[in-house]
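J.: Got chain G sorted already, so can you dock chain D with the ligands onto it with the hints?
2 protein chains.
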Amino acid sequence: MRQSLETPLSKVKRGPNRAQYDAETAFRIIDNTLMCHVGQSKNGQVFVTPTCHWREGEYFYWHGHAKARNIKAPIDDAEKVCINLCQLDGLVLARSAMHHSVNYRSVTLFGVPELIEDTEEKVRQFKIFLDKVSPGRWDALRPINDIEIKATGLLRIKIEEASIKVRAEPPVDDPDDNDWPVWAGVVPLQQQWGPLEQDPIQTELFDTPTPPDAF
Amino acid sequence: MRQSLETPLSKVKRGPNRAQYDAETAFRIIDNTLMCHVGQSKNGQVFVTPTCHWREGEYFYWHGHAKARNIKAPIDDAEKVCINLCQLDGLVLARSAMHHSVNYRSVTLFGVPELIEDTEEKVRQFKIFLDKVSPGRWDALRPINDIEIKATGLLRIKIEEASIKVRAEPPVDDPDDNDWPVWAGVVPLQQQWGPLEQDPIQTELFDTPTPPDAF
Ligand SMILES: Cc1cc2nc3c(=O)[nH]c(=O)nc-3n(C[C@H](O)[C@H](O)[C@H](O)COP(=O)(O)OP(=O)(O)OC[C@H]3O[C@@H](n4cnc5c(N)ncnc54)[C@H](O)[C@@H]3O)c2cc1C
Ligand SMILES: Cc1cc2nc3c(=O)[nH]c(=O)nc-3n(C[C@H](O)[C@H](O)[C@H](O)COP(=O)(O)OP(=O)(O)OC[C@H]3O[C@@H](n4cnc5c(N)ncnc54)[C@H](O)[C@@H]3O)c2cc1C
Ligand code: HEM
Ligand code: HEM
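Chains as they are written, first to last, in my numbering: chain G, 1 to 215; chain D, 1 to 215.
So here's chain G without its partners, still in its complex pose:
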């Protein structure tokens, strides 16, 4: 059986035809994306923080300075955060202004973050994070030390309350407008990793890194 992530909070109201709730599809979009936007509040004010993320199994992880607001605030005062991550896939040009849109893959997650404090588990997660960003790189790095581990705050939420919205199609105009004489269609957005820029202070040549499979 496929696990559904739908709950009253994550149920899509506007554009429900674009909604999906299965965990596997959410995992795929999460893994193909490098960054998310974490929404939380402090003293009644909402904050949105762009942050890199990764996933292991049913858990979604992010990190920051142990004392940063985007790490400490939802722990000091337990709160259900809302996180969105999305990929912009193209621009949808319709025959009428209102039916213009964008193609996208988008995931919204809800959960009360949990702070990971166990040193071994933290290091295990940092390696998973690095493997997402550049597979195989961890073992070539200067080993991590205790000061760095302590300085880093690590949070996770379980992926169990979430929604997916995907748009991947040509414009959908009012049928009466289909013959309107203007170009209509999709302008796809392309993303790729460009030529490596080695640190100018590095003079030796080393094996080049593998870029990630995520953007």
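One thing to keep in mind: the hints can contain errors.
Note that the list lumps identical chains together, so a pair holds whenever it fits in one copy or between two copies.
[As the list claims (entries may be wrong)] Here are the simulated lysine-lysine pairs, DSS-like style, with alpha carbons at most 27 Å apart:
no.	residue 1	residue 2
1	72	165
2	150	80
3	150	67
4	42	132
I should point out that these hints are in silico values taken from the structure, not numbers from a laboratory. Since the model is a prediction, treat every value here as computed from it, not as a measurement.
T.: For chain D with the ligands alone, coordinates are given in the frame of chain G:
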């Protein structure tokens, strides 16, 4: 004199060396970016909604269905929303795990949204929005009508409380690690508009649209 957007709320605490507060720089990043993440709350729950935006002068605009939560909630119950928009420019690969990072241009805005209800002003803004997305296209479209104007909710905030964070440099490792034998540097992210995909139900050839200068 340059206008500063710094306030106690928008003052960057972590990584203040990467902070800027001048309006012109914020305008440039806003104009070069197609989408933002709007953070607001309803009944005590934070929501983060990916949304397209545009700018005219000192005002930042977004739209949605007049009854959508991301339009109605901050109006029904006036609230200072937090909006972030950012461009991921590259992956920063350091010699130690902890100094890995990303290059980026990021703007965070705060403001209490204002609902624009005047029909003429709404249409004027929709044209500005379309000119951002595809310059010169508005006049070729099937003209907008009253039902569409009424169905669309238009919000704006004044750009007066905001912060910019930019990272655009090679890795910054601990000086002791600079000779560590592993490739270090930046993997730049490239974005471009791909070949146009005309709506398959359209059989005639028309002048092709101009893609936007924003991603
Ligand atoms: C693409 C991207 C990925 C990132 N990934 C990570 C990550 O994985 N881990 C991490 O720790 N940090 C990451 N950052 C930086 C992150 O956005 C925050 O700046 C940082 O986490 C400090 O958060 P804080 O809540 O403690 O900020 P504070 O410094 O306490 O925030 C105070 C004020 O500073 C301003 N501010 C904070 N962050 C930003 C921003 N990004 N842009 C504009 N204004 C800002 C806001 O006005 C905010 O109200 C990333 C940034 C970008 C753009
Ligand atoms: C790149 C991008 C640009 C967009 N630009 C616009 C725009 O300019 N104007 C506009 O009206 N809409 C835009 N959308 C859609 C927008 O994100 C919302 O889906 C829509 O505005 C409805 O918002 P709401 O708060 O009324 O949602 P509701 O349907 O009331 O939200 C209920 C629940 O549905 C889920 N949900 C809602 N939106 C999303 C989402 N995007 N991804 C995953 N789950 C979601 C959440 O779990 C949420 O709690 C854009 C989406 C993307 C990805
Ligand atoms: C300028 C005139 C425009 C008007 C009057 C208009 C109107 C609307 C309305 C009413 C909705 C809500 C649909 C619903 O929730 O039922 C909507 C949604 C949306 N609009 Fe627009 N729009 C305009 C232009 C654009 C442009 C130029 C873009 C982007 C290029 C855009 C992107 C979107 C997106 C992404 C959605 C969400 C639809 C979805 O999630 O599938 N709109 N618009
Ligand atoms: C895996 C081991 C890692 C550790 C221990 C670690 C630790 C930290 C710490 C402590 C901070 C806070 C700095 C501060 O606010 O003073 C931070 C910030 C950050 N980290 Fe990491 N990090 C790791 C890997 C990564 C990776 C792989 C990336 C992305 C590719 C990354 C991206 C960032 C970014 C973008 C910031 C914000 C810095 C800025 O805004 O300039 N980190 N990290």
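J.: Taking the hints in turn, state whether each one holds.
T.: Each hint tested on the structure:
no.	hint	verdict
1	72 x 165	between (30 Å within a copy, 20 Å between copies)
2	150 x 80	within (25 Å within a copy, 34 Å between copies)
3	150 x 67	within (11 Å within a copy, 46 Å between copies)
4	42 x 132	neither (31 Å within a copy, 34 Å between copies)
Taken one by one, the earlier hints fail for this structure only at number 4.
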